[in-house]
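A.B. asks: Counting in the numbering used here, the sequence shown tops out at residue 778, every number present.
If you're looking for bench data, these hints aren't it; they were derived computationally from the structure.
The reader is advised that the hints may include incorrect statements.
Ranges between beta-carbon positions, derived for each pair [as the list claims (entries may be wrong)]:
hint: 1; residue 1: LEU463; residue 2: LYS307; range: 37 to 43 Å
hint: 2; residue 1: SER572; residue 2: ILE491; range: 42 to 48 Å
hint: 3; residue 1: GLU339; residue 2: VAL304; range: 48 to 54 Å
hint: 4; residue 1: ARG301; residue 2: GLN416; range: 36 to 42 Å
hint: 5; residue 1: ILE678; residue 2: LYS742; range: 55 to 61 Å
hint: 6; residue 1: GLU449; residue 2: ILE491; range: 50 to 56 Å
hint: 7; residue 1: LEU472; residue 2: GLU367; range: 33 to 39 Å
hint: 8; residue 1: LYS307; residue 2: ASN414; range: 37 to 43 Å
hint: 9; residue 1: LYS391; residue 2: ALA259; range: 20 to 26 Å
hint: 10; residue 1: LYS373; residue 2: LEU472; range: 47 to 53 Å
hint: 11; residue 1: LEU463; residue 2: LYS358; range: 14 to 20 Å
hint: 12; residue 1: LYS592; residue 2: SER535; range: 46 to 52 Å
We put the beta carbon where it would ideally sit given N, CA and C, even for glycine.
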Amino acid sequence: MVESVIKTFKLNYDGTFDEIAYENIKDVFTIVNILAIYIQKIKTMYIWIGRNATQALKNHVARIRVILKEEFPQFRIIRNITFDMRSETYDFFKNLNITKEELYEVINYQEKTVLPVLEKIDELKEKSEKSIESKQYKSAIELLKEIIGLAEKIQDDALVTEQKRLISKLTEKFENHQIVSEIEQETDRVEKEYIELIKAKRILNAHEFVEAFIKKYETVYDLSLIPSAKELILKEKKKWNAEQEKIINDLSILEKNFKLSLENLDISEATEIYEKAMNLFSNLIGEKIKNKWKGFSNNIQEAKNKLEFIKKFDSFSGKIKNLKETHQYNELKSKIENLIKQVEQLDLPEYRGKLDMLNKEVDSVEESYNRILEEIRHLEEQIIDNQKNNQFEKNLRDCKKIVELGKSINKSELIKNYTTILEQTKEQIKNRKEFEEKQIFLKEELTKLEKRFTSSIKTMKIKNINEILEKGEEFLNELVDDEIKEKWDNFKAKSHSAKQLLEKVEMLSKNGMDALNKGSSPDSLNFFEQIIHQLQEYKS
Numbered sequence: 239m240v241e242s243v244i245k246t247f248k249l250n251y252d253g254t255f256d257e258i259a260y261e262n263i264k265d266v267f268t269i270v271n272i273l274a275i276y277i278q279k280i281k282t283m284y285i286w287i288g289r290n291a292t293q294a295l296k297n298h299v300a301r302i303r304v305i306l307k308e309e310f311p312q313f314r315i316i317r318n319i320t321f322d323m324r325s326e327t328y329d330f331f332k333n334l335n336i337t338k339e340e341l342y343e344v345i346n347y348q349e350k351t352v353l354p355v356l357e358k359i360d361e362l363k364e365k366s367e368k369s370i371e372s373k374q375y376k377s378a379i380e381l382l383k384e385i386i387g388l389a390e391k392i393q394d395d396a397l398v399t400e401q402k403r404l405i406s407k408l409t410e411k412f413e414n415h416q417i418v419s420e421i422e423q424e425t426d427r428v429e430k431e432y433i434e435l436i437k438a439k440r441i442l443n444a445h446e447f448v449e450a451f452i453k454k455y456e457t458v459y460d461l462s463l464i465p466s467a468k469e470l471i472l473k474e475k476k477k478w479n480a481e482q483e484k485i486i487n488d489l490s491i492l493e494k495n496f497k498l499s500l501e502n503l504d505i506s507e508a509t510e511i512y513e514k515a516m517n518l519f520s521n522l523i524g525e526k527i528k529n530k531w532k533g534f535s536n537n538i539q540e541a542k543n544k545l546e547f548i549k550k551f552d553s554f555s556g557k558i559k560n561l562k563e564t565h566q567y568n569e570l571k572s573k574i575e576n577l578i579k580q581v582e583q584l585d586l587p588e589y590r591g592k593l594d595m596l597n598k599e600v601d602s603v604e605e606s607y608n609r610i611l612e613e614i615r616h617l618e619e620q621i622i623d624n625q626k627n628n629q630f631e632k633n634l635r636d637c638k639k640i641v642e643l644g645k646s647i648n649k650s651e652l653i654k655n656y657t658t659i660l661e662q663t664k665e666q667i668k669n670r671k672e673f674e675e676k677q678i679f680l681k682e683e684l685t686k687l688e689k690r691f692t693s694s695i696k697t698m699k700i701k702n703i704n705e706i707l708e709k710g711e712e713f714l715n716e717l718v719d720d721e722i723k724e725k726w727d728n729f730k731a732k733s734h735s736a737k738q739l740l741e742k743v744e745m746l747s748k749n750g751m752d753a754l755n756k757g758s759s760p761d762s763l764n765f766f767e768q769i770i771h772q773l774q775e776y777k778s
């Protein structure tokens, strides 16, 4: 079928196309249309331009082929032929399967009925252009509406669209014209108020007043297109920027001094600087800078916290010596730990280092203290053993060590106790020495007496023996040597035996003399023989 191989498109104002059914093709051959006709069989595109087509439509002609190829990629266009109305070729009619007479009949009718309307439209266009030039936008819009009515009668869709768009632009201009007039009047009022505020040095109020004016109209109209408004805005901006620059510069100087004060922990000066900065904010609008300075209040508090911590540390430092001397290591470490927790929240690395070093020092001192206590406990055990075994010299040595160790850890009670034990031990050593010297003396004297006793016992000098035993008894009472005492007990026994022998000899001698006197020689001899026998036994 013919319609399957011929595609006809009517060009719209915006560059798009409306596809026309083949049976309606004659209806679109109007003097105001531009048509694109694709003949599939011969891969040819015809572009037909009506004599009175608008320039807006004609502007798209150069891109028709490209536009159609994008929309219908299946089209293979080898030839592209463009011609104006009444310039059609023989092949055009043949391929389109219509006659020249048929087409011209339509065109002639168009020219007869449409041209008068187009002439009226051109007249109205001329009037509307003059109204536009004189900025009589309302009048121009009414004329354009008349044109649209006529264009609709002749079915010039492109012209209708063109005029509607123009009406839209003119409506905007008409509204803008009224807005501009309003803005110019408002500009004059705002400028007068602005000048008064500047004179009163109410910079921020003046800035906010102009800003409110800008905010009110910036979404309504481009203020840069209104000279008086543009001049006011630029003047205010220049004044405001200069003021802001000065404030920012002043704040920058204050910030340096503020930070220096904080470094020196001079809270009073830092607070004074901060308050000066806050006063400058009355004419400052930069939130970033304001927020930065608001944050500085935290820095002041932090500096106060640092200063308070340093005071705590200094106070604690004054107590460290006493805590060490009294060996309150647990309390000392607890306080250090609390201070470490506090300093971790502050930027004081120097004090954190001091606390860490102090912690190590306390650990070392406590360890040394515990070692000394352990050594003292060991020495105390030795002293108990020494006392049991009368090891006075060892006791003396160990007591001296404990006293020295007690002094090193400041244990006054321990020093007092073992100083007492030390003195007692010294006394014991002295007493023992005196005792030992006494014992030696006693032994020496007893040895001398022993020699005399041995000599006297041989000669049976009983008197001497008794004197010797009496003297020896005096020495033996103070002597603690059992062996010597036992020896002297033997001496006493010998003395007793000697006394008995003498008594017996005297008795036998008397009996022998008596017997001899009585003339009994044998009896007398017997008595004297007994004496000899007794003496021999004694000597043996």
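A.B. asks: If a hint holds in the structure, say so; if it does not, say that too.
C.D. replies: Going through the hints against the structure:
Range check, LEU463 to LYS307: about 42 Å between beta-carbon atoms, so the 37 to 43 Å window is met. Under the hint 42 to 48 Å, the C-beta atoms of SER572 and ILE491, about 46 Å apart, fit the expected range. Here the CB-CB span from GLU339 to VAL304 is close to 34 Å, at odds with the stated 48 to 54 Å. Taking 36 to 42 Å as the suggested C-beta distance range, the pair ARG301 and GLN416 conforms, at roughly 39 Å.
With their beta carbons about 40 Å apart, ILE678 and LYS742 fall outside the hinted range of 55 to 61 Å. Between GLU449 and ILE491 the beta carbon distance is about 28 Å. The supplied range of 50 to 56 Å is therefore violated. For the pair LEU472 and GLU367, the supplied restraint of 33 to 39 Å holds, since their beta-carbon distance comes to about 35 Å. With their beta carbons about 41 Å apart, LYS307 and ASN414 fall inside the hinted range of 37 to 43 Å.
Judged by the Cβ atoms, the range 20 to 26 Å given for LYS391 and ALA259 holds: they are separated by roughly 23 Å. At about 26 Å, the CB distance of LYS373 to LEU472 disagrees with the hint of 47 to 53 Å. Look at LEU463 against LYS358: about 36 Å separates their beta carbons, and that is not inside 14 to 20 Å. About 29 Å separates the C-beta atoms of LYS592 and SER535, a value inconsistent with the hinted range of 46 to 52 Å.
When the structure is compared with the earlier hints, violations turn up for hints 3, 5, 6, 10, 11 and 12 and for no others.
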